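Here is how the chains run, residue by residue.
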Amino acid sequence: MPEDQQLVKEILDGSQAAMEVLTRKYYKAIFAYVYRKVGNRETAYDLTQEIFIKVFQRIQSYSNKGKFSSWLYSIAVNHCRDYWRSSDFKQISKQAALNEAFVCEQNNVPYIFERKEVREQVKTAVDSLPDFQREVVILKYFHHFKIKEIADVTDSNVSTVKSRLHQGLGKLAKLLKRGVEDENQKTTPYI
Amino acid sequence: MRTRKLHHTYDTENDNQIEELELEIGTFLDEYDVEYPTEEEIMLTIHAIRPHVPVKENKWNTAIKGMASIIKQAYEEMFYVSPLFWTANGLLFLIALTGVFVMDGNPYTMMMVLAPIPTITGLIEVLKSRNSGMAELEMSFKYSFQELILSKMLVVGGFNLVINLLVTISFGMLNQEILVSKLLLYWMTPFTVFTALSLLFVGRYRGIYSITGGVVLWLTSSVFLSQTTVVERIESMPAEIYLLVIAAAALTVLFQAIHIYKRGVSFETNH
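Top line first, the protein sequences correspond to chains F and A. For what it's worth, this note's numbering labels the leading residue of the first sequence as 1, then goes sequentially. For what it's worth, this note's numbering labels the leading residue of the second sequence as 1, then goes sequentially.
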């Protein structure tokens, strides 16, 4: 498989084929990052498309000095941050909160425990993390980034990343363990 | 030192805690899989990206198009050049012939002195147009100031080339002793040098300073060339030096012309 730098060079020469190869190479990774960041498949699909469009619009500014993947992730991170601040997100999250409230009211039990699926518990727990903690947890655990790489991609320093990671993982541990305990309590028959 | 050690201890402790937490919740996190888009959806994204892939311009096609546009403009410019320019330079042709055949002057020195004249008078032509309607053409955004200057310089340079060739051929035909190759070197050197300097001037100054500069330079050179010792020294120089100067000046002309043309394009887009 050709190197990223070579593909970028071909894209700069107008190669559509190189664009397709590079997009396919990173599509799933970027989609996975965005999906875990926003927690919604449709929004993640739209944002991933926007991220790749942004990447090819700015490909001339990629200097070939750093890793292409780091440059790509930094665009994805910033695009998600922009989305977080946008009115689109506020509208969708308001709608999601309403839907969730409706479901909870109907069943009168917390949604995540009702579903009895670990995946949903994890998803809800990750979604509940503050933005900056969520992005470092996703990059570290799901994308196997090193602390230094996370610092570069998120434009912060190593100690900040460590602190966010520590706090984020701590919160997740509490939420997930509590979820399991609640599940156990519910499944234990009354004596 | 103590602070650094403490910091290091804290860092290691923090790293260990992060590792422990990862191990602790790793099995949970592994459950968080992703619902990836289908192949059709990925293809839709790829199609949406296509228009944003940079399109590389064919440099040769762009250069040829640019050249064609300047040549076309130069042809049109020929009709706007004042009759005084043609007459004055026609007279130069006669002066050169008279100087050599009637007054028995040195044909090589004569060529060297007279060769830059059409370029200098041409400069007046190029720059005076600023006050005679070229500003309107420039304002129309069809041609930039730089493109108009370049096309006018092409007319002037072309005319200079023709008139100097005519003088050289006439000398060669009327006087069998004259070395045409030497004559060519003697007029091509000042011609290319003055053209290069003119392009450097018009690229930077839009005013009368370019003409004044050109005239001063020409007068200084002429005074030098009127001295026998200087002429002897020039004549003793090997042909390679002349060729080197011609090549350097021609390269300057080429780069300066490209520079003016490119600046013309950016001038249009940025203003």
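Derived from the structure by calculation, the hints contain no laboratory data. Since we're looking at a predicted model, the values are computed, not measured. For each residue, glycine too, the CB sits at the ideal point set by N, CA and C. Some hints could be false.
Stated by the list, open to error - Residues from chain F shown here face chain A by an in silico Cβ test under 10 Å; the list is partial: (1) 23; (2) 75; (3) 81; (4) 122; (5) 129.
Now the hints, each set against the structure:
no. : hint : result
1   : 23   : holds, 6 Å
2   : 75   : violated, 13 Å
3   : 81   : violated, 20 Å
4   : 122  : holds, 4 Å
5   : 129  : violated, 12 Å
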